[in-house]
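A.B. asks: Below are the chains, spelled out letter by letter.
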Amino acid sequence: MKNTVNPLDKHFKIAHREALFGVILVVINFIWWYGFGYGLGSGKVENYTYIFGLPAWFFYSCILGFLVMTILVILTIKFLFKDVPFDEEEGEHQ
Amino acid sequence: MNWPVITPLIIFLLIIFAVGIWSNKFVLKSNSFLEEYFLGERQMGGFILAMTMVATYGSASSFIGGPGVAYTQGLGWVFLAMAQLATGYFTLMILGKKFAIVARRYKAITLIDFLKERYHSKTVVLLSAASIIIFLFSSMTAQWIGGARLVESLTGLSYTTALFIFAFSVLVFVIVGGFRAVALTDAIQGVVMFLGTLILLIATIKAGGGVPKIISDLAAENPNLISPFGAERNLTPAYVSSFWILVGIGVVGLPQITVRAMSYKNSKAMHSAIIIGTIVVGFIMLGMHLIGVFARPVLPGVKVGDTVMPLLSMKVLPPFVAGIVLAAPMAAIMSTVDALLILVSSAIVKDVYLNYIKPNASNNQIKKISFSVTAIIGILVILLSLSPPDLIVWLNLFSFGGLESVFIWPVILGLYWKKGNKHGAIASMILGMGSYILLDRFYPNAFGLHTVVLPILLSFVGFIVVSLLYRQKAGTSHMEFQK
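Here the protein sequences come in this chain order: X and H. Residues 1 to 94 in my numbering are what the first sequence lists, from first letter to last. Residues 1 to 483 in my numbering are what the second sequence lists, from first letter to last.
Bound-form chain X, shown alone (with noise of 0.2 Å):
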C-alpha cells in the first residue's frame, strides 16, 4: 500500500504506548491481588478479620481490587488511550 508513512508511525506509537498501559494495569492488579490476599490471608484462620462478613484478605484482594481495578480501567481509557482511525484509506471516517 502506498499511503505515507508518518501518520501511521504516529498511530503504531500511540498502540504501542496503550499496549504498554496494559502491562503496567496487569501489574498493579497481581500486586494488589497477591498483597493482600497472601498479606493477609496467611496468618491462623482463628486472627482473622472481618468485613461486612468476608475474611479481611478476601475482601481488600478480591472484592476492593476488582472495584480498585475497573476504576483504574477507566481513569486509563478515560485520560490515557487516544481515538485512532483503522483503515488507512477511509482514515477521516469516524
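It should be emphasised that the hints constitute simulated quantities derived from the structure, not laboratory data. Idealized CB from N, CA, C, for every residue including glycine. Heads up, some of the hints might be wrong.
In the DSBU-like style, the derived pairs of lysine-lysine whose C-alpha atoms are separated by at most 30 Å in a straight line are [said to hold, decoys possible]:
hint	chain 1	residue 1	chain 2	residue 2
1	H	LYS315	H	LYS303
2	X	LYS78	H	LYS265
3	X	LYS13	H	LYS419
4	X	LYS10	H	LYS107
Some chain H residues flagged as far from chain X (calculated, every beta-carbon gap over 12 Å) [claimed, not checked]:
hint	residue
5	LEU75
6	SER158
7	VAL191
8	ALA207
9	ILE215
10	GLU232
11	PHE398
12	TYR443
With chain X held as given, fit chain H onto it using these hints.
C.D. replies: Frame of chain X; chain H shown alone:
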C-alpha cells in the same frame, strides 16, 4: 418434566434462533461472504464486542465446573478465579490498536491470515490450523458435554437425547448465521449470564442467612475453607499465581479471543469494550465462584461438583426464576461452542482449503463449503461427545494451555518485535505445543506451577533465539511488515 423451569429455557432458545435467522439475511446479502460469515464485516460496536469476548471466554467451566470446584475448595478457589479479571482489559489493550490496524492492512479474516501475512510461511499456517483444529475440538467436546449434562439434569431426558437437543440448537444458528449470529447471540447470552449470576448470588446469600452467617458456618465446618489455601491447604501461592498465566494474560494467545480483537468497528468500540468487559467478566467470575462457596452451607453434601449450580438454583429459587438463571450456563456453553465452531470452520475453509487446495473457488462454492464444513464439524463433535470423559474443567483447561503455548508469542512478538521471523515462529509453535503435551503427560505442574508456565517460557526463548539465528535470511518478511 419440570415445565416451569423448562419454559424460560425454551423461550431463550427461540430468541437465539430468531437472531440466527435474522443474521442469515446479512450473510446472503453480503458482497464479501467470507468477511461477513467469519468476521461479521468488522462492524462490532463496543457493547457487542465486550459481550462476545466475555461470553466466548466464560464457558462451562465458569458456570458449572468452576463453582463446583469452589464448593469443595472454598474461598481459595474464588481467589484463584479472580486472576481472570485481567482478561477483561489485558487482551484488548495488548493486541489493541496495533493488531486492529495491521489486521485490516493484511485484510486478515482469521488469526491465521494474520500469521500468514506476517511470516509468509506455509509451515506456520499449517501448524496453526492443525493446533486450532486439534485443541479446539477437545475444548468443544468438553463444552458440548457440559451443555448436554445440563439439559439432562434439568429435563430428566437421557444424556444422548439431551446432547442432540443441545447440539441441534447450536448448530442451526451457527450454520445459517455465521459470525454475526455468533456475536449477537453472545451479547444476549452475556446479558443472561450477568443477570443469572446476580439473581442466584442474592438468592443464595438470602438462603444461607446472610454473608456473616455463611462464612461462620464454613469456618465451623473447616477453617481452611475461608483461607486462600483451599480446603486441604494444597493451593500453594506459586500454583495459584501461575493461573495468572493460564487464565489471565495467556488468554491473549487464544484464537477465539484474538479473532474478536479484529472484528470491531473503531477505536471507540474498543475503548468501551475494555470498560464493559472488565466489569462484566470480573462480576461473573467473582459472583459465580462465590455462589459455589456459599452453596456449601445451603446445600451440604453434594458429591459431584458439576451438579452444584443446577441443584442450588432449583433449591433457592422459584421454578420459573430458576429456569431463567439456568439459561445462564446454557448461554455460556452455547456462546463458547458457537465461537469455537465458527473458528474451526474458518481454519478449514479459509486457511487450508482456500490457501492450498482451491485458491480460486467461486463465491458460491465458498458458501457451500463453509456451510457444510461447519455442519460436518458439529456432527463430528457430537459423535465424540457420545462417550464423554469426566471432568469438564480440566479437559477445557488442557486446550486452553495448549493453544496459548502455541500462539501467544507468534502473535505478540509478531506484532511488537520487528526482528521476529518465520523460523522463530515455527520453533516457538512446535516447542510450545510439544512441551505442553509432553509435560502434561509426564511431568505436570513442574516446580509447583501450573503445567502451562514452562511451555510458554520455552516457546518464548525458542522464538527469540531462532529468530536471531536466522536474522539475515528473513530480511524480506521484515521489510514487508515495515512498509
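A.B. asks: Broken hints, numbered, in rising order?
C.D. replies: Hints 5, 9 contradicted; others consistent.
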